[in-house]
Each structure stands twice: as C-alpha cells, then as structure tokens.
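For the protein sequence lines, the chains are A and B, in the order given.
FYI, the numbering for the first sequence is 1 to 148, going by my numbering.
FYI, the numbering for the second sequence is 1 to 419, going by my numbering.
30 angstroms max Cα-Cα, derived BS3-like pairs, lysine-lysine:
(1) A:Lys88 to A:Lys29
(2) B:Lys94 to B:Lys2
(3) B:Lys414 to A:Lys131
(4) A:Lys90 to B:Lys54
Just so you have them, the derived chain A footprint on chain B, three or more residues with Cβ under 8 angstroms:
(5) 47 to 58
(6) 291 to 300
(7) 325 to 339
(8) 376 to 389
Bear in mind the hints are in silico, worked out from the structure with no lab data behind them.
All figures in this text were calculated on a predicted structure; none of them were measured in a lab.
C-beta: ideal position from N, C-alpha, C; glycine also.
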Amino acid sequence: MKKLYYDAKKCTACKTCEIVCAIGHSPSKDLYTAILEDNAALPSVRVYAGQDENYPMACRHCKDHPCVSACIASALRYDPKEGLLFDKEKCVGCWMCIMVCPYGAVRPDFRDSKSVRCDLCADIKDPRCAKNCPTKAIIYVEEKAINV
Amino acid sequence: MKRVIIIGNSAAGISCAEALRKKDKEIKITILSKEDYTGYNRCLISYYLAGDIKEDKLVYKPKKFYSENDIELLLNKKAGRIEPKKNQVVLEDKTRLDYDYLVLACGASPKLPEIKGIHKKGVFGFRTISDAKGMLELLPITQAACVLGGGLIGLKAAYGLKKRKIEVKVIVKSPQILSQILDKESAGMCKRRLVENGIEIVSGSEAQEIIGEGDCKAVKLDSGKVIASSIVVVGKGVKPNIELAEDSGIKFEEGILVDEYMRTNIPNIYAAGDIAQSYDPILEKTAVNALWPNAIEQGLIAAGSILGEPNKKYPGSVGMNSVEFFGLPVISFGITRPQDGFEEIVFKDAQQDIYRKIVLKNNVVKGAVFVKRIENIGILLKLARLKVDVSGIKDKLPRPDFNFAFTKDLQYDKEEVYI
Ligand SMILES: Cc1cc2nc3c(=O)[nH]c(=O)nc-3n(C[C@H](O)[C@H](O)[C@H](O)COP(=O)(O)OP(=O)(O)OC[C@H]3O[C@@H](n4cnc5c(N)ncnc54)[C@H](O)[C@@H]3O)c2cc1C
Ligand code: SF4
Ligand code: SF4
Numbered sequence: 001m002k003k004l005y006y007d008a009k010k011c012t013a014c015k016t017c018e019i020v021c022a023i024g025h026s027p028s029k030d031l032y033t034a035i036l037e038d039n040a041a042l043p044s045v046r047v048y049a050g051q052d053e054n055y056p057m058a059c060r061h062c063k064d065h066p067c068v069s070a071c072i073a074s075a076l077r078y079d080p081k082e083g084l085l086f087d088k089e090k091c092v093g094c095w096m097c098i099m100v101c102p103y104g105a106v107r108p109d110f111r112d113s114k115s116v117r118c119d120l121c122a123d124i125k126d127p128r129c130a131k132n133c134p135t136k137a138i139i140y141v142e143e144k145a146i147n148v
Numbered sequence: 001m002k003r004v005i006i007i008g009n010s011a012a013g014i015s016c017a018e019a020l021r022k023k024d025k026e027i028k029i030t031i032l033s034k035e036d037y038t039g040y041n042r043c044l045i046s047y048y049l050a051g052d053i054k055e056d057k058l059v060y061k062p063k064k065f066y067s068e069n070d071i072e073l074l075l076n077k078k079a080g081r082i083e084p085k086k087n088q089v090v091l092e093d094k095t096r097l098d099y100d101y102l103v104l105a106c107g108a109s110p111k112l113p114e115i116k117g118i119h120k121k122g123v124f125g126f127r128t129i130s131d132a133k134g135m136l137e138l139l140p141i142t143q144a145a146c147v148l149g150g151g152l153i154g155l156k157a158a159y160g161l162k163k164r165k166i167e168v169k170v171i172v173k174s175p176q177i178l179s180q181i182l183d184k185e186s187a188g189m190c191k192r193r194l195v196e197n198g199i200e201i202v203s204g205s206e207a208q209e210i211i212g213e214g215d216c217k218a219v220k221l222d223s224g225k226v227i228a229s230s231i232v233v234v235g236k237g238v239k240p241n242i243e244l245a246e247d248s249g250i251k252f253e254e255g256i257l258v259d260e261y262m263r264t265n266i267p268n269i270y271a272a273g274d275i276a277q278s279y280d281p282i283l284e285k286t287a288v289n290a291l292w293p294n295a296i297e298q299g300l301i302a303a304g305s306i307l308g309e310p311n312k313k314y315p316g317s318v319g320m321n322s323v324e325f326f327g328l329p330v331i332s333f334g335i336t337r338p339q340d341g342f343e344e345i346v347f348k349d350a351q352q353d354i355y356r357k358i359v360l361k362n363n364v365v366k367g368a369v370f371v372k373r374i375e376n377i378g379i380l381l382k383l384a385r386l387k388v389d390v391s392g393i394k395d396k397l398p399r400p401d402f403n404f405a406f407t408k409d410l411q412y413d414k415e416e417v418y419i
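Take the sequences, apply the hints, and build the full model.
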C-alpha cells in the first residue's frame, strides 16, 4: 500500500500540514469557515521539533497496529491494502488506542469523545499534507518504492 | 478433519477462531459459551448501563460472522469438565465433545465475598450483558445503589448508575480507590472527580450482610451502619475461571499457566485471555493481566501455535488501563506504586488536574500514570516493553509536551517512516 514518509531534514515546522489536515477534515473544508467553526477538526498530523530536525507525526498505518487489538468497541480494523480503518461512529472514546500506540500518533478529541487519527484523506485518496507541503518533506509513495 | 474446540466466545476465543479460519479453510472450529449472546464487547456494558450507547453497539460479532467463517457456535452450553486423556470436553448437560485441539478462553468471573445475602436478587457482579440488563430492569424501582469495592469495574458501574440518576455509594475498605492500578495522587484526583459529581465514597468500611426478603433492600456495613439500596454491585476484582482445569492435570496458579505460545502443560491444550497466566515483561514474572487487548493478542498467538507458526511468539502481557470519569481521563500501566529501588519522576499541575508520573528502575521505564494529559503514553509503554535505557531523556519523560521526537536518539524504533 501507499504510505506517508517524512524527510525530517527538509521539514521546517511551518505546520502547513496541520492546517490543511484540519481544514480538510472539517465539515466546511474551507479555511475561513473552518477557523470559525466550533466543530473544526483537530489535525491528525502534528509536527514535533527535534534537535536539528522536525518530525511530522501521524498514524503510520503500521504493520503491528496494536491499537486494533486494544479497541474495546471494534471501531478499528486493519486492511493490508487500505491500512488502518476507523469507524468513528463506533468509537466510545475509551482512549485504549492512545494507551498502546507506540508513536503517540492518535489523539483524543474531548469535545465529542472520539479519537483522531490520520485516514490518509480517504475522501480524496490523496493525503492533503503531502500534496501541500511547501518543502516536499512529506511524500506519499508505495511502501516498496522506499528504502529507509 | 481436525477439530478445534474453543471454550469461550469473547475476545480471546473469537480472535483465535478468526485467525484460525483465515489460514485454514478446512479445520473444524467449535466455540462454546455459557452465555446466551453472540460475541459482544464486554467492556462496553458500563457504557450501555449508563445509556451512552444502545444495545446494537455491544455486538462484537453478529451471528453471520460465525456462519460466514464456518464456525460452529454453541450458546448456552457450559463446559463442566475436561478429560485430556480422552481428548474430550464434557458439558454440564453430559454431552461429550471430541477435540484435537482445545483452547481455554473462558475468561474470568467476579469474586463474590462470602457474606450473608450475597445471592439475593439485585446483587450483581457486573460482568455480562445480562448483568447490565438485570440492573436496567431494576432502575424503575431503584433510588439508591451500593457498589462494594473501589476497583475499576465497580466504579464504572457506579458511573453508569449515577448517569441513570440513581444515588450511588461506593463502599471501600482501604482509604484509596483504584489501588490496583493507580498511585495515591492520581487515585485522589479520580475520587475528587467522582465525589464532585455526586458519587459518595464511604471509606474504611466493608459490607457485612445484604438485607432483604429475596430481593436486596439494604447493605449492612461492619460499622453497623445500614444503607438502603436495591441494587448492589460487587466490584472486588475478578478470578480466572479455572474450575474447569481443576482435576484435569492442567497446571494453574492464579490462572492457567501458559508459555510464549499459549500452550499449557498438556500439548494440545492452549489457554488465552483472562483465564491465562502469562509472562509479564514489566513485572518479569508471570501474571494474569485480564484485559481486552491481551485477550485478543493471546487468542491470535494460540491460533498461530495450532497452525504451527513457531515464529509467532507472544511478547508478554502488561497491566494497563484507561478510564475516564466525568471528563477526567486517566491512563496507567505497569508499576504505579513502587517499593524501594525504583525512581519516580513527576510533573504536576494541580490547578489544571494534570499529573504525569513515570516509574523507573535502573533507567528502564517500569510504569506510568497520566491524568488529563494522556497523550503519548503509548511511547512509554513501548520503551518499557523493550526495556530501553532512557537515562539520556529521563527528566523529559513526564513533561506534557513529551513526544516521539524526544526519543529519536534512543534508536529503538524499527519501522521507520523518517527518511
Ligand atoms: C464492565 C467491564 C469493563 C471493562 N473494561 C475494560 C477496558 O476498558 N479495557 C480492557 O482492556 N478490559 C476491560 N475489561 C476486561 C475485558 O472485558 C476482559 O479482559 C476480556 O473480556 C477478556 O476476554 P476473554 O475472552 O478472556 O474472556 P471473557 O470476556 O470473560 O469471556 C469468557 C467467555 O467464556 C465463556 N465461558 C466461561 N466459562 C465457560 C464454561 N464453563 N463453558 C462454556 N463457556 C464458558 C463465557 O460465556 C464467555 O463467552 C472490562 C470488563 C468489564 C466486565
Ligand atoms: S494508531 Fe499508532 S499503533 Fe495504530 S496503526 Fe497508527 S501508528 Fe500504528
Ligand atoms: S478511543 Fe475509540 S478508536 Fe480508540 S480504542 Fe477507544 S473506542 Fe477504539
């Protein structure tokens, strides 16, 4: 499957990814409306500063996906072709997934008691973070195409 | 054709059956359950009791899951005995079932104290969907309820009942609630939150008798005090359902002893889930860590063993919990109340109810408690499981802004996404 990869040296922590993520997952999908919306989405990617590098962090749709076995509401499923699939309607906000994600890639949204994680922009099948990153620090490619 | 019998239709049993079927289309799979319900999300019964979710959300696997995967599901069938020499399970109705492989995934049951009246109508263990339904049925005639014990399950029941506008008192012997999973500080924060929201905590007492003619009407405490209550929830912990194994030659201590392949001492018998006692990499000894994620993973490992996949080894179970009471989320894992020889690093902001404590031994994470700011705790769980030396970043661990970037120099992460 295609995955997101990050070049920590290229990332300048401009946080464009966070903004386009939040807008893209907000009901209006529009910047100016989204910032005024009470229910604007929380970005599911966050940029963390390292020493000389910056690390964008989002769900890796990882092979082990311990969050799937941890979910007590069967809201999470893993599909080898599509990655982690989240049924938000089933989520009860128990935060078990936060407890076990080894990367800190899930966050709680206390407003509606739902967990927030990267869905690879399933609606447009093209992650907005990668598309909009000004330094091309985020790339979206086939797993096999990358050799890290 | 080989036949697998799985005793238990919940997290461990179902994950085992599903994994078996995925790899082996031939093998005959039978699941037994003493309950009369399709596979359900046991952990959600408190949400159901509270009215936060409807019954349909409790369903984990609908009946069609079993037919589509060619899994025979026998509900309302209680296994009474195992005869390993004959490779047979004997049901309570005396039926004998032959197996080639047997998986004990029969979970745990609430511990009931031996006090007078404990079997009266209105006293619940809060383990099954029928417990939750039984409580809901009594709601119209209930004004007050008592919860015996300050453990997680009891408090979840207390929360559910309170949300149903029932007056709830929690009776705890020790001064601290949630003493199995939290330290004094974080437990105190939870207690405050519960009390602020109208749940009364009666400390220093224990129930002595359940009073009532047939139906429960009140609880008598050892202090002599009598508390009116038509629902009593016993939250004094759970006990693995090992009775089945008792005279079978299967080895057990608190739970059934399993190795890293979920094998018992008898070659074709496996155990998984709340019934199993497995290696705990944090405690560095075997333990019963009765939790949903552990049950799911152990079921998968048991399936791998039956299928002969020796490379699938169980990395061990860890004690971990996540709860939220009235908007205060708390997550903890591992050792939270250490004895001598451990180090504790704490961040606290009492005004904002933020508390983050890390427990270390020889610079290895052994446990953590996060209150309110719960994010990123999974990173610490991973560091603990892998026994990574964290001396370089120790002081940063409890900081609310702690995140994955802080751990980059430790270089323990194998699945790289950074190029
Ligand atoms: C209210 C509540 C809240 C919880 N919340 C959480 C949580 O937030 N996070 C978490 O990790 N865990 C939680 N748990 C614990 C979690 O539910 C268990 O760890 C998990 O269900 C264990 O699964 P299991 O498959 O081992 O056994 P169980 O779920 O106990 O299922 C046992 C199965 O075996 C069957 N069975 C038992 N004996 C026999 C017999 N003799 N013959 C035939 N069938 C038999 C039963 O009918 C059942 O199908 C909670 C539990 C409760 C009760
Ligand atoms: S949430 Fe975390 S554990 Fe789950 S798939 Fe994503 S990165 Fe992996
Ligand atoms: S917070 Fe939601 S997605 Fe995460 S484990 Fe709980 S129910 Fe599942």
